[in-house]
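**Q** Take the sequences, apply the hints, and build the full model.
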Amino acid sequence: KNEVEQSPQNLTAQEGEFITINCSYSVGISALHWLQQHPGGGIVSLFMLSSGKKKHGRLIATINIQEKHSSLHITASHPRDSAVYICAVDHGNEKLTFGTGTRLTIIP
Amino acid sequence: NAGVTQTPKFQVLKTGQSMTLQCAQDMNHEYMSWYRQDPGMGLRLIHYSVGAGITDQGEVPNGYNVSRSTTEDFPLRLLSAAPSQTSVYFCASSYGDLSIGQYFGPGTRLTVT
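Those protein sequences? They're chains A and B, same order as listed.
Every position in the first sequence, counted from 1, becomes a number in the working numbering once 969 is added.
Every position in the second sequence, counted from 1, becomes a number in the working numbering once 75 is added.
Using 20 Å as the maximum straight-line C-alpha spacing, the simulated EDC-like pairs for lysine to aspartate or glutamate come out as follows:
{"#": "1", "chain 1": "A", "residue 1": "K1064", "chain 2": "B", "residue 2": "D131"}
{"#": "2", "chain 1": "A", "residue 1": "K1064", "chain 2": "B", "residue 2": "E105"}
{"#": "3", "chain 1": "A", "residue 1": "K1023", "chain 2": "B", "residue 2": "D172"}
{"#": "4", "chain 1": "A", "residue 1": "K1064", "chain 2": "B", "residue 2": "D172"}
To give an idea of the interface, some chain B residues facing chain A are shown, with a C-beta separation under 7 Å as derived from the structure:
{"#": "5", "residue": "Y106"}
{"#": "6", "residue": "G117"}
{"#": "7", "residue": "L118"}
{"#": "8", "residue": "V125"}
{"#": "9", "residue": "S169"}
{"#": "10", "residue": "G171"}
{"#": "11", "residue": "G176"}
{"#": "12", "residue": "Q177"}
{"#": "13", "residue": "F179"}
{"#": "14", "residue": "G182"}
To give a feel for the contact side, a few chain B residues facing chain A, derived at Cβ under 10 Å:
{"#": "15", "residue": "S108"}
{"#": "16", "residue": "Y110"}
{"#": "17", "residue": "G115"}
{"#": "18", "residue": "M116"}
{"#": "19", "residue": "R119"}
{"#": "20", "residue": "L120"}
{"#": "21", "residue": "Y123"}
{"#": "22", "residue": "D131"}
{"#": "23", "residue": "G133"}
{"#": "24", "residue": "E134"}
{"#": "25", "residue": "V163"}
{"#": "26", "residue": "F165"}
{"#": "27", "residue": "A167"}
{"#": "28", "residue": "G180"}
{"#": "29", "residue": "P181"}
{"#": "30", "residue": "R184"}
If you're looking for bench data, these hints aren't it; they were derived computationally from the structure.
Glycine residues also receive a C-beta, built at the ideal position from the N, C-alpha and C atoms.
**A** In structure tokens form, the structure reads like this:
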């Protein structure tokens, strides 16, 4: 069993839909990261959180430390949100273990 | 600021050759890391550094060496390239203060034949 599990692996939705991507992990962590990998391959850090909730524009990330679970939500999804979304757990000193990613496709 | 830069963007090596992947950042970040990304496996940590002169192994360090003589640079050396090292390599850096995530370079696509 992988230390970091993401679901779903692939997600296709219509423009405007509310999107949820889930991440579960099996060990104690100091923080959790959400990353976006563009179709061209570039990787951007979206959120780093150790408790509660963070919001940036249409993106919301939440974490439940007790349940070892985090979610990434996208409101009013748009085709430009199409990308691979990656969850990573931080063991301290930013030593990261990554999930295999969720490929999101938003259809106009 | 240029952010995190990596060179080269693409490289083809023959088995047994050695080379160095360059990574530099101009944000005065203390933390730097090297990852490889393979299809279906996600990113994996190769080596990381928490400051100049300090490096440590990640999940998949075999066949790679690093050094951190300056805050800005964190080169990754392949000692004797093998086909199993065919991958996309990303360098990343951060302040390490648990408030801001990592900044990633554009990646180097390496093929070993």
